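Protein chains in written order, with the working numbering: chain X, 1 to 493; chain R, 1001 to 1495.
Derived by calculation from the structure, the hints in this document are not laboratory data.
Keep in mind that the hints are not guaranteed to be accurate.
Said to hold, decoys possible - When the alpha-carbon atoms are kept at most 20 Å apart in a straight line, the in silico PhoX-like pairs for lysine-lysine are as follows:
(1) LYS1106/R <-> LYS1027/R
(2) LYS437/X <-> LYS1165/R
(3) LYS1371/R <-> LYS1446/R
(4) LYS1371/R <-> LYS374/X
Said to hold, decoys possible - Each pair of labels, with its calculated beta carbon distance range:
(5) PRO1019/R <-> ASN489/X: 33 to 43 Å
(6) ILE1037/R <-> LYS110/X: 55 to 65 Å
(7) GLU457/X <-> ILE1037/R: 27 to 37 Å
Since the model is a prediction, treat every value here as computed from it, not as a measurement.
Virtual Cβ for every residue (Gly too), placed ideally from N, Cα, C.
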Amino acid sequence: MIDSHLPALIALTFVLFAILIPMFGLWKPKSSQPLAVLGSGIASVLSLYAFATYLQTGSIRYFFGGWEPPVGIEFVYDGLSGFFVLVINTVAFFVLIHSRQVARREFPGKEMPYFALAMLALLGFNGMILTGDLFNLYVFLEISSLASYGLIAIGSRPAPYAAFRYLIIGTAGGTLYLLGVGFLYTVTGTLNIIDMAAMLPTFATNTSVVAALVLMVVGIGVKAALFPLHGWLPDSYTFASSSSTALIAPIGTKVAAYILFRIVFYLFGVELTDAVAPITTVIGILAAIGILYGSIMAIAQTEMKRMLAYSSVSQIGYIIMGLSLANPLGFAGALLHVLNHAVMKACLFLVAGNLRMKEGHSDISKFNDSYRKKYPWTMASFSVAAISMVGLPPLAGFFSKWYLALGTIDNENWIFLAVILISSLLNAVYFFRILEKVYMMNPKKDQKEGSDAERNEVGFSMMFPTSVLAIALFVIGFANAAIVGILFNIFPM
Amino acid sequence: MDLTLVPLLAILSSLAAVPFILWSSSKPNLRETWTIIAALVKFGLVLTLLPSALNGESVTLHLFDLAPGLPFALNADPLGVFFAVIASGLWIFTSFYSIGYVRGHKEHKQTRYYASFAICLSATIGIAFSGNLLTFIVFYELLTLATYPLVIHTESDDAIKAGRKYLSFTLTAGLLLIAAAGMVYYYTGTLDFTPGGVLGDADIPYHMILVMFILFLGGVGVKAGIMPLHGWLPAAMAAPTPVSALLHAVAVVKSGVFAVLRVVGYVFGVDVMGDYGLNEILIVLAGATVILASLIAFAQDNLKRRLAYSTVGHLSYIVLGIALLTPLGIQGGIMHIAAHATMKITLFFCAGAIIVNLHRTEISNLNGIAKVMPWTMGAFVVGSMGLAGIPPINGFFSKFFLISGSLEGDMMIPVIILIVSGLLNAGYFFPIIHRAYFKKGEGLEKYGEASPFMVVPIVITATLSVLFGLFPNLFFNFFDLAAQISASLFNSATP
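Bound-form chain R, shown alone:
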């Protein structure tokens, strides 16, 4: 089968749904049908790319020149497919969940919400399949723009402030990325993502490498939530919860860490990173972020904000894994992209279900809710255990590889950071579980479990977290894929 056009179609499938969504603005059921169809089609298209990705092959497509010598290039390589499977797969659940959430919450301007969501997914898949840095920037900026209406969705003062903060962070980041891309182009004459990097062969003075690295760090670090560039993420929790769940736990922030991996592995190359000691900068920043974010999470009483800081911390797990520059470390980082995605989306779904069903947002108000929402809280337990790194949930697996990767590189400090962070995770999640299960709640008599539109996706994503923990290669061969991607970065670096 000829797969050449599949990456393009996968990107366009949700964009194509936008006119239909706008057109059926007055018929909510029809409108949501378009979203669901787009999500299923998109996921199906991405899946057809999976077999070739498992063989280590890439599907490339050069459409036209964005600039002379710089094509609009799509390249569905294993890493891109890996990310696309996660993002598009979880969009299906989020779409169902969204229906339950926005209707249950009687949100306004739902058409804009669904349309922006569809554009965001197009941009995310575009980021996954970008074959060069310029194409990547196009989708990266599109994602920024399309997320903005979702962040300010409620249009309250807080949301508008959050939107401004979001834009000022992400637009600045985009500009730094453009500057960095320009410099790479100047020195190497190419912007293609090449396993093993493109900077290794060029003759570049050290200080310029450092400048480029800092520009890239600013460019991708914002969406990856590396401290001190994380400020927009907790603010963006003003968005509706499905947005926080898919975009601010999966699509947008994972685009950030995905970009870190692209930059480290495909632009700089593992060798250049190591030779110039750039990975140490990254380890220090990511390590500090892991610990600090966990500590800040303790202080948050708002459930979504606590989850947001937890996200900041876990994103830096991935960055840390990449910065280890060891095969196992990078593999662990890649696996954590998937693991954190299923777990954190579960937790956000739970938070959203609690908001819609009980209208409670503060953790101190969650006493005894497990009695009325047993399924939701059961899923919550699974997700939080996984993030704390307790087997058999998939978070354990990725963390195991991260620790192995640190040992492989003879680095003890990351090991300590990861272990301490696991304890801190347990420390900030278990009080919530304790409240929900063991404290006596008030005023809960008239409430039951949330709508099935929300509970079913919650249970599925929680189950997936467990299943991927028990069988890492289930369905999508994530484990093999991660191992293979990681190996490809090292093989080509030493031909």
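Bound conformation, chain X alone:
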């Protein structure tokens, strides 16, 4: 039966294509991108199929080579991992379609290594999500990180410096995580998440467990860019090439957030987590600060990609805040926001990519009303994604905020409620600022510019993914009840 092998197949698809791309790429460099699209396409279809299977038959535990833990390595395809895999592979598929022209323009001749690295990064992300083994998770974390460093370093001149900074900070984060895993291993003698979860309650008061939990959360917090561990993110996202940013930004921090979900809800369980250390309270407060800090910093930026990067810091805060609420509404809101934010941010970074392709920059201060004429569809997609980011119904972004808000009310946590609402307004400030520039004429300048501009929209391979993601925001908005119904069922408590 193929169904029982699905968890492994999803990850192995990327292994296969990570090998195929260099082989074909050396022979025909132009074949790299179609192969990458094909690979992520197959993975998306498998993820979708696996998720449908999960809904019918439940979780799949896959033992590599038939070796059961603690001897072998296990992949766990349950609701949480299935949902994340589906989201990241689908978004990656659309971003990779978009990459063809960007790659030719921004890093000609480096297509083969770029797309091979992209496959490796996706392998790492999928592996981290699917694995049921804490050490194996670290291995995949390093695979994805090393590939990400490479992807980020391909970009403008300061990109290697940003990548190097990310490498230093990211390695520190990974090491902290590994230390935490080591502590847990010395206490429990296993690395398998399910086994360890069964044993941990007996060791709740052990100082090693306390240290392990704190180290793991801090280590993963770096990867998730949880305030104040976000320092690496703005530069990396700004200076990397448009396609790298669009690939990593919607996905990378989400996967780290997934690990936090796994640790808090599945490995320890919320009650035990809080018995060991007040983790949910602390990360909730950090998330709240991060939401406001990211939004305010985003307002201060004049470069679109940098603005979106700070916005990501803020949005990851929503996800972590939903986690910290530890109730079904917060959980569902956070996971819905994982989906929404992945789609919105991918769409927005693709728009930034489109503008860089045509204008050679994405400097907000140079935006003007000619863009409306030149790039009608790009700007329409931008408007949809921006309004969704602000959180206006019936677009997707509204609903994740709605469930998060309900979650904060459920906990009677009025401060978090206020943070969510205030942040929406701050989002409105930095997005409407752009909409105003693009759709209004600039009264200080000669007003001819808008009317004289010729239509100069990007090609189909760039326009298609951008607009599909924008349309998806409507679809998710209208279908959110069904999605959230599934997410409520995933909630592990």
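Place chain R on chain X using the hints.
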């Protein structure tokens, strides 16, 4: 006849016109035809709901779940139909008037103007027919977004500033409303609009009721122009005049007072409002707004700004009527929604006709214009008399009920406020009439009456104001409808 889908179609009819409007961007006559067709279709659809509304029936439709347990629900109850008839009916006149105005004024980006207008009307009818608070919020935010391009239409510095002000007020309000809705959902498990309210049965601590009330007040008070949340409305006068006329005298601001009524009558319930003394907060705010807005109106030389402050004042008449929590008071408030709509739209139409025809915006420049624009100024007289509460215009009728409602509740202060406000209204309108009729004008020789596209709607809305004053039940049975809506709020509250 099966009416189930009619509310949905009524909402969608103008939204469906948007692609056609965009598509015929280069053919103005065809483009405006779509608007007119949409307006007529919409009004016709709304009218088919009127008979069942008069019987006190509602047409409900649950489409799909917006969130688990929270359907996208349409409920064309009598109150919703009442508001929808007014908004969609006046859109027809505004559409004709718009043609005269934007062409006469040679406005740019007319396609965007008509498209946004059509979306606004969809949102307004959606607000009218929303069956629960979440559906309401969806349309409420859509209205905010769709009005924004109209506010900044001229794209001048002033307009962009006004647009920012508008967004910061309305988006904040929307967020407060979302928070309030979340709390209602948390405490009651439902967001349905139920006559008599949903909070009465729930066990909620007093301070939480108060917090919810304040959140709701912030959420709906902005669009209802309750002071000190009115600041966006005078600024929004930077919009073209038909926008000020329909949206900032009827659709948007009436959505605000409509929301006040929904919140007071269908979420909190009359009993809860009274038991916790929340209506007193509302009476104080609305009463202060009525007087202050009238006083500020005196100081405005710009005609549209004077009308804007007058609107702020009259919106609070309605809020005041609702806050009285007496059957007659609420009936008067509901009737004033209709009365103020026909009168204020007339006055804004007049102001627009003067702007397009004479290029004059300041009241001090209006000397002697009644000679060249007799029809327009005649209508202006009707509208301003009505707002001052002089019979036989419909403004008299609603004010009469507001005063009766205050007496019914043994409240003298609202009576005094309403009487003083009537005098103040007369005080700020009659100088305009005096100038127009009795002062000698200059430089008017080359001008005549405005284009028929503008004058005919003006005369019709003014005539409607008089007719509804003489025969309150004419055409649409507004009087009976208002009485019935008001009664339904009290009947179900004491089963």
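Against the structure, the hints:
no. : hint                               : verdict
1   : LYS1106/R <-> LYS1027/R            : 15 Å, holds
2   : LYS437/X <-> LYS1165/R             : 16 Å, holds
3   : LYS1371/R <-> LYS1446/R            : 12 Å, holds
4   : LYS1371/R <-> LYS374/X             : 50 Å, violated
5   : PRO1019/R <-> ASN489/X: 33 to 43 Å : 39 Å, holds
6   : ILE1037/R <-> LYS110/X: 55 to 65 Å : 56 Å, holds
7   : GLU457/X <-> ILE1037/R: 27 to 37 Å : 31 Å, holds
The earlier numbered hint that this structure contradicts is number 4, and it is the only one.
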